[in-house]
Every structure is written in structure tokens, then in C-alpha cells.
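In case it helps, the working numbering puts the sequence shown at residues 237 to 395.
By construction, these hints were calculated from the structure, which means they are not laboratory data. Among the clues, some could well be false.
Each pair of labels, with its calculated beta carbon distance range [claimed, not checked]:
1. Leu386 / Asn259: 49 to 59 Å
2. Arg374 / Val282: 47 to 57 Å
3. Glu306 / Thr328: 10 to 20 Å
When the alpha-carbon atoms are kept at most 25 Å apart in a straight line, the in silico SDA-like pairs for lysine to any residue are as follows [said to hold, decoys possible]:
4. Lys288 / Ile267
5. Lys335 / Gly315
6. Lys288 / Cys317
7. Lys335 / Tyr347
8. Lys335 / Gly349
9. Lys288 / Val319
10. Lys335 / Ile387
11. Lys385 / Thr364
12. Lys284 / Ile307
13. Lys284 / Gln273
14. Lys385 / Tyr277
15. Lys335 / Tyr277
16. Lys385 / Ala308
17. Lys335 / Thr364
18. Lys385 / Thr333
19. Lys288 / Ala308
20. Lys288 / Gly315
21. Lys288 / Glu301
22. Lys385 / Asp369
23. Lys335 / Val356
24. Lys385 / Glu301
25. Lys284 / Asn259
26. Lys288 / Cys320
27. Lys284 / Arg294
28. Lys385 / Gly337
29. Lys335 / Val319
30. Lys385 / Gly315
31. Lys335 / Asn351
32. Lys288 / Val300
33. Lys335 / Met323
34. Lys385 / Val329
35. Lys288 / Ala266
36. Lys288 / Ala314
37. Lys284 / Ala308
38. Lys288 / Tyr277
39. Lys288 / Pro260
40. Lys288 / Thr333
Keep in mind the model is a prediction, meaning the values are calculated, not measured. Heads up, the beta-carbon is just placed ideally off N, CA and C, and yes, glycines get one too.
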Amino acid sequence: MTNRLPLLPICIAARQLVHFGINPDEKTGAILTPTHQTTTYVQESVDKYLAKGYCYSRDANPTVEVLEAEIAQLENGAGACCVCTGMAATVTVMTATLKAGDHCVITDCSYGGTNRAARVMFADLAITFSFVDFRDPRIVEAAIQPNTKLIFSETPALR
Numbered sequence: 237m238t239n240r241l242p243l244l245p246i247c248i249a250a251r252q253l254v255h256f257g258i259n260p261d262e263k264t265g266a267i268l269t270p271t272h273q274t275t276t277y278v279q280e281s282v283d284k285y286l287a288k289g290y291c292y293s294r295d296a297n298p299t300v301e302v303l304e305a306e307i308a309q310l311e312n313g314a315g316a317c318c319v320c321t322g323m324a325a326t327v328t329v330m331t332a333t334l335k336a337g338d339h340c341v342i343t344d345c346s347y348g349g350t351n352r353a354a355r356v357m358f359a360d361l362a363i364t365f366s367f368v369d370f371r372d373p374r375i376v377e378a379a380i381q382p383n384t385k386l387i388f389s390e391t392p393a394l395r
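Could you put together the complete structure from these sequences and hints?
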């Protein structure tokens with residue numbers, strides 16, 4: 237007989253995923269989260285807008301909020317932020333982490349858009365980057381400076 241205990245954490249996580257976010261919709265009573273597609277919302281007043289929190293669904297919508305909460309739970313995180321593209325994620329991380337005078341160690345084989353953003357957009361903001369070979373941790377460590385705030389790699393770097 238095979239010991240099935242190692243599968244227990246996987247089964248618990250799968251059960252949490254299946255049941256997470258199942259809060260009946262207050263308006264419709266729908267048990268599963270409805271898909272809120274791209275739209276703008278009627279704004280009767282600034283106060284009502286602020287109370288609701290939805291202006292344009294690409295900024296925020298109930299479907300994405302459930303997804304973010306589920307990812308945060310899966311990762312045991314305080315929160316999550318879903319964006320529409322990898323470049324949006326990259327720019328979000330960099331702008332949230334770096335300011336003028338900061339430094340970032342970045343892989344020398346990053347995605348072209350990431351490379352251009354670092355060399356052009358962030359250079360204009362007085363943020364410096366060291367592009368290094370991430371296959372050797374000693375090279376990465378040697379590139380760290382006193383003002384290094386971020387070490388950034390992404391999947392194209394998996395050579």
C-alpha cells in the first residue's frame with residue numbers, strides 16, 4: 237500500500253482554490269464570481285464613485301479583485317496585483333521599487349522591452365542598471381552597489 241500522506245497538502249491547496257472567492261453576488265445571488273468585462277461605470281457623484289471604487293474596469297473590477305485575492309492566498313501573500321501584460325508587470329515592479337539615484341542589477345538577456353525601458357525610460361529618471369550574466373551568482377553579487385534596490389530577472393534569462 238502506498239503512503240498517500242505526501243499528497244495531503246496538495247489536496248488541501250486544491251480544495252482551497254476550488255472554494256476560494258465563493259461569496260454570493262449581492263445583486264444577482266450568483267454563487268461563482270461573474271466575469272466583468274471591459275466597461276466604464278456610471279458615476280452619479282464623486283461620493284458614490286469613491287464609495288463604489290469602480291470607474292473603468294481595466295483599472296479595477298470585481299473579477300480581477302477575486303483573482304488577486306486568490307493569488308495572494310495561494311502564495312501566502314499580503315496581496316497581489318494583476319496587470320494585463322508582462323511589460324506592465326515589469327514597469328509596475330520597477331516604478332514601485334526604484335527612484336532617482338537607485339540602482340538595479342538586471343540580467344543581460346532580458347526581454348527586449350525590459351531592456352529598452354531600463355536603458356531609455358528609467359535612465360531618464362536617473363536610475364542606473366548593471367546588465368550582468370545571471371548564470372553565475374558571483375557576477376550578480378559583484379554587481380551589487382550600496383544604492384542597489386532591486387535585483388531583476390525574468391524568464392527569457394533562463395538559458
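Each hint, compared with the structure:
{"no.": "1", "hint": "Leu386 / Asn259: 49 to 59 Å", "in the structure": "violated (36 Å)"}
{"no.": "2", "hint": "Arg374 / Val282: 47 to 57 Å", "in the structure": "holds (55 Å)"}
{"no.": "3", "hint": "Glu306 / Thr328: 10 to 20 Å", "in the structure": "holds (19 Å)"}
{"no.": "4", "hint": "Lys288 / Ile267", "in the structure": "holds (21 Å)"}
{"no.": "5", "hint": "Lys335 / Gly315", "in the structure": "holds (22 Å)"}
{"no.": "6", "hint": "Lys288 / Cys317", "in the structure": "holds (19 Å)"}
{"no.": "7", "hint": "Lys335 / Tyr347", "in the structure": "holds (22 Å)"}
{"no.": "8", "hint": "Lys335 / Gly349", "in the structure": "holds (20 Å)"}
{"no.": "9", "hint": "Lys288 / Val319", "in the structure": "holds (21 Å)"}
{"no.": "10", "hint": "Lys335 / Ile387", "in the structure": "holds (14 Å)"}
{"no.": "11", "hint": "Lys385 / Thr364", "in the structure": "holds (11 Å)"}
{"no.": "12", "hint": "Lys284 / Ile307", "in the structure": "violated (29 Å)"}
{"no.": "13", "hint": "Lys284 / Gln273", "in the structure": "holds (21 Å)"}
{"no.": "14", "hint": "Lys385 / Tyr277", "in the structure": "violated (38 Å)"}
{"no.": "15", "hint": "Lys335 / Tyr277", "in the structure": "violated (34 Å)"}
{"no.": "16", "hint": "Lys385 / Ala308", "in the structure": "holds (23 Å)"}
{"no.": "17", "hint": "Lys335 / Thr364", "in the structure": "holds (10 Å)"}
{"no.": "18", "hint": "Lys385 / Thr333", "in the structure": "holds (7 Å)"}
{"no.": "19", "hint": "Lys288 / Ala308", "in the structure": "holds (22 Å)"}
{"no.": "20", "hint": "Lys288 / Gly315", "in the structure": "holds (20 Å)"}
{"no.": "21", "hint": "Lys288 / Glu301", "in the structure": "holds (13 Å)"}
{"no.": "22", "hint": "Lys385 / Asp369", "in the structure": "holds (18 Å)"}
{"no.": "23", "hint": "Lys335 / Val356", "in the structure": "holds (15 Å)"}
{"no.": "24", "hint": "Lys385 / Glu301", "in the structure": "violated (28 Å)"}
{"no.": "25", "hint": "Lys284 / Asn259", "in the structure": "holds (23 Å)"}
{"no.": "26", "hint": "Lys288 / Cys320", "in the structure": "holds (22 Å)"}
{"no.": "27", "hint": "Lys284 / Arg294", "in the structure": "holds (19 Å)"}
{"no.": "28", "hint": "Lys385 / Gly337", "in the structure": "holds (10 Å)"}
{"no.": "29", "hint": "Lys335 / Val319", "in the structure": "holds (21 Å)"}
{"no.": "30", "hint": "Lys385 / Gly315", "in the structure": "holds (21 Å)"}
{"no.": "31", "hint": "Lys335 / Asn351", "in the structure": "holds (18 Å)"}
{"no.": "32", "hint": "Lys288 / Val300", "in the structure": "holds (15 Å)"}
{"no.": "33", "hint": "Lys335 / Met323", "in the structure": "holds (18 Å)"}
{"no.": "34", "hint": "Lys385 / Val329", "in the structure": "holds (11 Å)"}
{"no.": "35", "hint": "Lys288 / Ala266", "in the structure": "holds (19 Å)"}
{"no.": "36", "hint": "Lys288 / Ala314", "in the structure": "holds (22 Å)"}
{"no.": "37", "hint": "Lys284 / Ala308", "in the structure": "violated (28 Å)"}
{"no.": "38", "hint": "Lys288 / Tyr277", "in the structure": "holds (10 Å)"}
{"no.": "39", "hint": "Lys288 / Pro260", "in the structure": "holds (18 Å)"}
{"no.": "40", "hint": "Lys288 / Thr333", "in the structure": "violated (29 Å)"}
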